[in-house]
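Line by line, the protein sequences give chains D and L. The working numbering puts the first residue of the first sequence at 1, with every later residue one more than the last. The working numbering puts the first residue of the second sequence at 1, with every later residue one more than the last.
Since the hints were derived computationally from the structure, they do not count as laboratory data. Treat the hints with care, as some may be off.
[Said to hold, decoys possible] Incomplete in silico selection of chain L near chain D, CB under 7 Å:
{"no.": "1", "residue": "TRP97"}
{"no.": "2", "residue": "VAL123"}
{"no.": "3", "residue": "PRO154"}
Where a beta carbon is used, it is the ideal one built from N, C-alpha and C, also for glycine.
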Amino acid sequence: MKRTLHFLRWSFWVWCFALLMTGGIYASYARFAHGIDHSVSKVFPWGLITGLDVLCGIAIATGGFTVAASIYVLNLEGYRSVVRTCLVTSLLGYVVAVLGIVSSPGRTAIQMGTWSSHSILYGIAWAFVLSGAVLILEFAPDLWQRFGGREPPHWMHFLNMPLLFAAVVFSVLYQTSLADLLQSLPGRVSPLWSTPQLPFFFFVSAVCAGLAVVISASWHVNVASGKGLSSERVAGLGKVLAVLLFLYLGIRIADLLYRGIPLLVWENNPENVLLGLEMGLILLPIVLLMNEKSLQNPRVVYLCAGMVLAGLITNRLNTCITSVEAAMKSRYMPGWNEFVVAYSIVALGVAAFSLMAKRLPLFLEP
Amino acid sequence: MSVLLVLAMFALAILWGRLFKREVQPAVAVPEKTLRPFQPRIESRFGMEVPRSYFFHPCHTWARDEGLQLIRVGVDSFTANLFGKIEHIDVAGLYGWVRQGQKLMTITGAGIAVDLPSPIEGVLTAVNRAVLDDPAMATADPYGDGWVAVIRSPSFDTDRRNLMQGAMVAPWMRNSMAQLREMCSPSGALAQDGGLPLPGLLTRVSPELRNRLIREFFLTLATVPAEPTSQHV
Numbered sequence: 001m002k003r004t005l006h007f008l009r010w011s012f013w014v015w016c017f018a019l020l021m022t023g024g025i026y027a028s029y030a031r032f033a034h035g036i037d038h039s040v041s042k043v044f045p046w047g048l049i050t051g052l053d054v055l056c057g058i059a060i061a062t063g064g065f066t067v068a069a070s071i072y073v074l075n076l077e078g079y080r081s082v083v084r085t086c087l088v089t090s091l092l093g094y095v096v097a098v099l100g101i102v103s104s105p106g107r108t109a110i111q112m113g114t115w116s117s118h119s120i121l122y123g124i125a126w127a128f129v130l131s132g133a134v135l136i137l138e139f140a141p142d143l144w145q146r147f148g149g150r151e152p153p154h155w156m157h158f159l160n161m162p163l164l165f166a167a168v169v170f171s172v173l174y175q176t177s178l179a180d181l182l183q184s185l186p187g188r189v190s191p192l193w194s195t196p197q198l199p200f201f202f203f204v205s206a207v208c209a210g211l212a213v214v215i216s217a218s219w220h221v222n223v224a225s226g227k228g229l230s231s232e233r234v235a236g237l238g239k240v241l242a243v244l245l246f247l248y249l250g251i252r253i254a255d256l257l258y259r260g261i262p263l264l265v266w267e268n269n270p271e272n273v274l275l276g277l278e279m280g281l282i283l284l285p286i287v288l289l290m291n292e293k294s295l296q297n298p299r300v301v302y303l304c305a306g307m308v309l310a311g312l313i314t315n316r317l318n319t320c321i322t323s324v325e326a327a328m329k330s331r332y333m334p335g336w337n338e339f340v341v342a343y344s345i346v347a348l349g350v351a352a353f354s355l356m357a358k359r360l361p362l363f364l365e366p
Numbered sequence: 001m002s003v004l005l006v007l008a009m010f011a012l013a014i015l016w017g018r019l020f021k022r023e024v025q026p027a028v029a030v031p032e033k034t035l036r037p038f039q040p041r042i043e044s045r046f047g048m049e050v051p052r053s054y055f056f057h058p059c060h061t062w063a064r065d066e067g068l069q070l071i072r073v074g075v076d077s078f079t080a081n082l083f084g085k086i087e088h089i090d091v092a093g094l095y096g097w098v099r100q101g102q103k104l105m106t107i108t109g110a111g112i113a114v115d116l117p118s119p120i121e122g123v124l125t126a127v128n129r130a131v132l133d134d135p136a137m138a139t140a141d142p143y144g145d146g147w148v149a150v151i152r153s154p155s156f157d158t159d160r161r162n163l164m165q166g167a168m169v170a171p172w173m174r175n176s177m178a179q180l181r182e183m184c185s186p187s188g189a190l191a192q193d194g195g196l197p198l199p200g201l202l203t204r205v206s207p208e209l210r211n212r213l214i215r216e217f218f219l220t221l222a223t224v225p226a227e228p229t230s231q232h233v
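Only chain L is shown next, with the shape it has when bound in the complex (with noise of 0.2 Å):
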């Protein structure tokens, strides 16, 4: 029996350790001299503003590499331009493992919540506290300073074969912006020289369409916002 007894105590001071697991650190950002400060090289393709070295996920969330295996992540100017105005951003929890096309966030804004999948796989180690203080960061400057987190990543170089990135890139956002155009045609919700959206569109259309436009680009469904926690992350 002294077997038993052995197991069990393994046993219980792993369900200890569990059970009084320590709450998670507020976060924060990593420090400087592992995560450089970056100026986002930004290009006008098709009329629309196209970042370098960033590689796109599907769902219209963005990824840079920043060496040592850190990579940043934030919303497309897409996604910003939808909601127009965020309001609030969750994230998942800090030092948690995220897969790629797995729940990396929440935007809230327009009357929705939508989550937004992680680009890559890796473990989420910093997250940006003044976007998540000032979320209006992430629409005014969604590749620069409104980046939402830093996730390391053993395995970028095999998550962003998944990805859109260098001369893909344009072509994709301008069918995006096409596509777009096309479910929003008959209710008039474009600019008037028919390309751009308005900002803030997701607010401007029919609960149904913009059901529609959540599923087509996020491929997800919206949901009613929860109330904002205090705790962020």
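Chain D extracted, bound-state conformation (with noise of 0.2 Å):
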């Protein structure tokens, strides 16, 4: 009896995630089984799950990527350790992204195994696999060692260094073709966030949420079981996430002004609101990062890449919903569905990483 009930036993986010895990099959027999109910229509053709798990999933794993490649192009062996982490977050951000896609019935992966290159998919379905194989290679000389092998064989290392910059091709192609798929609707995007650098914003925002990601990855991997970054390598990364939150806030705030876009007239609408909130999600993390002492606090840091993701989750949504609320004079709200959908497959990504980070040597010197 007292083992039949030990799963009552279970933590607040044990019971959270077996809820959503629940709730999101449910949904997702429902929506396939039933067709789709959900508030995504012709005028609003991006929704939740498109805006959360598949555009910040894409984000994630694109900055991941970049991450990763910058550390071996620059040489950067202190930051050797991080490596890992950026493959794990990215194959993850990919694998929350298909299931995104997926989840969305009249866009499933059947394009997927077809050779089609016009197809949207066809570019994730190849950095999906590619990612995949980055890091499979990534643990591979562990494996090796851990199953009797003395020294790895040289193919290893030959292989892992082209297929992370592949990967990193792929995924930066289709994080900007992404970017260019919103900008195909004139006239039904506000042009708060339709503009023709989206692709470079794209890209520069992904990066700082793959940093972001590291530093919060590190910090409840040290709370957990002490494998993550010291504070050193968090405030160095911390550094670097302060200049590139620089750089973006700077051209975007550039872009909004070449266009003519008043940023002082303040009209009291819901976009200028979250548009407020977007950059002020940027702008609270850089004022934080550019002041030595509180660099120096790895809670600090932690606090700040809270913001950072919270900020690509604000423009992400912003840029697929609020924007086209705007320029439709429509509102748009999710169905429960969406919602339970949408919340599971981040679940699922946030539960396979603490497996991973539990299982894995994620910030150890390999």
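Mind docking these for me? Both chains are given alone in their own frames, and the hints should help you get the complex.
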């Protein structure tokens, strides 16, 4: 009896995960079996699942790959321990994005198996496969030695690098093509977010998100098991994040001004409030991370990383939901099944990362 | 407004997690398979006991590399001798992150409480339950069974550059002794040979001198001890 009721002692997060997964599976079944009853329509082609799972997942994946590749290219030996976390977050970012795409009936992954280079899914399929291959090769030397091998074969290192760079190219291309897709509806997207520079903005914000994910992952791993980055490394990543955020905010404001969109004219409408929130979630981390004292405090850097991730979510949802709301003078409210599916996919990604952080030496020098 | 709803749900989940965070698990020693038992190799230098392969923080705490990024830490014989009898030891929260020089433990004895810093940076992964239950172990065998905690430190190679090690240790200890002798000479609190201090020196000197000694050797201020809590960690 005691053993039967053991599951009642699950923690809050495990209960949340179990409920979300149950709800997510049921909602997915309902969506596929009985058709879509959510609010995505011809007016709102991209809803919560696209904004939260697909756009944010791809952004985190692109950021992770770019940070990993930059560490190799710039030969930052001190930050070599970050590479594995970047690769794991990239792979999970793609898993979340793919699940988000698959969860939208009508856009299923049938095209993923074809060789149609014009398909948007073609790029993501390749990036997904390459990220998996790079990750396997990254951990392969450890597994090789665990199963009795002495020196890992040379081809493991030899293959890893070209695959990583191919994955970076695909993920950047996919990221920019997503931004192009959002640009493809002239007049139906608010000029606050619709700009020819959107692919570049998507890329820079994705790199910021990649760094933010690494910092917050390190914090959680440190609290749980002490296997995370030292505060010296966290401060270094915080500095780079501050510079990139500054660059992003600068070009974002310059772009708005160049296109003649007044920033200082305050109109009390939701899109202005949400744009202000988005900018605030970039500006506040810049101010905090520019201060040397707060940079030395891993808790503050972690807080900034959290704000950057919240800023990324706000930006992607603003781009695909708020901007359409503003242009079409209409309101979008996701249905319950969209909420459940979107959150269950995010929960799955977070749970998978927790499991991998427990089982794999993510932050240790290989 | 669905954007605000999404952000609010994430914020609520994080807030809930913070508010109803699980209580810290009671302190446990790490399993034997990761932390092997050890016997310190003590050498005699200048009439003092100097352990080999130990790293010392200037505030008289030590660190010893156990492999697999696990570092055992404790207080040195100088501290043990100054206090004579340690009545209580409080250690920072288990699984919490401590930085080099940040408060790791508070030792209470001689009517005062003194905060001692961590010699290295990392996560506190184990606390010696035996020494918390019987703090006299820290004075009886400071380099052996009197160890206080184990820290998992990914940056030990960097941190140890700030610590006294190898041939530096004996002269540093001798200097500490000389400084102590100089500060205490008018009070006559040293042994008749004028060298080693009497055990429990802090109980034998005036409060002013005691505060000066604490400030000099532990770079902190002595405080009035709080009521010992039932939960050590």
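Run through the hints listed earlier and report the numbers of any the structure violates, in increasing order. Hints that this structure does not satisfy do not exist here, as all of them hold.
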